[in-house]
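Asker: Last residue of the sequence shown: number 145 in our numbering, and the count goes up by one each step with no gaps.
Certain hints may be false.
Label-pair restraints from in silico Cβ distances [unchecked claim]:
1) 36 <-> 141: 53 to 61 Å
2) 51 <-> 139: 36 to 44 Å
3) 31 <-> 125: 18 to 26 Å
4) 129 <-> 37: 21 to 29 Å
5) 55 <-> 26: 40 to 48 Å
6) 142 <-> 70: 22 to 30 Å
7) 55 <-> 93: 41 to 49 Å
8) 45 <-> 93: 27 to 35 Å
9) 124 <-> 66: 42 to 50 Å
10) 66 <-> 122: 20 to 28 Å
11) 63 <-> 33: 33 to 41 Å
12) 119 <-> 44: 17 to 25 Å
Read the hints as simulated data drawn from the structure, not as lab findings. A quick note: this is a predicted structure, and the numbers were derived from the prediction, not measured. Here a beta-carbon is modelled for each residue, glycine too, at the ideal position from N, C-alpha and C.
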Amino acid sequence: MTARRSDAGRPDAPGPHAQGPFDPGLQPERTELAWRRTALAIGIGSLVSLRVFPLLLPPAFTAWGFVPGAVGLVAACALWFAARRRQLRMTAWLHSTLPGATPPGSARITAPGGGLLVALTALATAFGVLCIGIVVVSSFVQFRG
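Required output: the full structure, derived from the provided sequences and hints.
Answerer: Next comes the structure, spelled out in structure tokens:
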């Protein structure tokens, strides 16, 4: 059973079985693609750091050169999947806000918050602090030895 479409292009009775995007502008889909591009950029930067950091550090600290790259790759994978989950949740929330979408007394779906943005900000800050620490320790070891 498919939902009928009104003149505005929105389903009259979306429910849980609604098909297709919520709006013609595809805003949730565009946002998901932007988050995926961010995850891809973090992944590529992490791969580059896996290649460069171990070569730049003194031999005693070579293993520490792999830490930022490994953390970045794990974060990029988590961000990739979180972006998809956020898009599905946002689409479900948008469909639930239409008139008649939720019967009275049923639980409403809440909109996704800014958790993904906060997590990305914390990751970027931690990554920067870690990289600065590696540079400071490696320069200290080079000047001292």
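Asker: Is 21 to 29 Å respected by the C-beta to C-beta distance linking residue 129 and residue 37?
Answerer: For residue 37 against residue 129, whose Cβ atoms are near 24 Å apart, the range 21 to 29 Å holds.
Asker: Cβ-Cβ distance between residue 51 and residue 139: within 36 to 44 Å?
Answerer: violated (20 Å)
Asker: Indicate whether the distance between the beta carbons of residue 31 and residue 125 respects the range 18 to 26 Å.
Answerer: holds (22 Å)
Asker: Can the suggested window of 33 to 41 Å be confirmed for the beta-carbon pair residue 63 and residue 33?
Answerer: 36 Å Cβ-Cβ, so the 33 to 41 Å window holds.
Asker: Given the range 20 to 28 Å, decide if the beta-carbon distance of residue 66 to residue 122 lies inside it.
Answerer: Given a distance of about 21 Å, which is inside 20 to 28 Å, the answer is holds.
Asker: Just to be sure I understand the hint, the distance between the Cβ atoms of residue 55 and residue 93 should be within 41 to 49 Å; is that true here?
Answerer: holds (47 Å)
Asker: Please test the hint of 53 to 61 Å on the beta carbon pair from residue 36 and residue 141.
Answerer: violated (39 Å)
Asker: Are residue 124 and residue 66 spaced within 42 to 50 Å by their CB atoms?
Answerer: violated (19 Å)
Asker: Verify the CB-CB distance for residue 55 and residue 26 against the hinted window 40 to 48 Å.
Answerer: Once the Cβ atoms are compared, 43 Å apart, the range 40 to 48 Å for residue 26 and residue 55 holds.
Asker: Range hint 22 to 30 Å: satisfied by the CB atoms of residue 142 and residue 70?
Answerer: At roughly 24 Å between Cβ atoms, residue 70 and residue 142 fall inside 22 to 30 Å, so the hint holds.
Asker: Check the following: the C-beta atoms of residue 45 and residue 93 are separated by a distance inside 27 to 35 Å.
Answerer: Taking Cβ atoms as reference, residue 45 and residue 93 lie about 32 Å apart, which means the hint holds.
Asker: Given a hinted range of 17 to 25 Å, is it respected by the beta-carbon distance of residue 119 and residue 44?
Answerer: holds (19 Å)
In terms of the numbered hints stated before, the structure departs from hints 1, 2 and 9, listed from lowest to highest.
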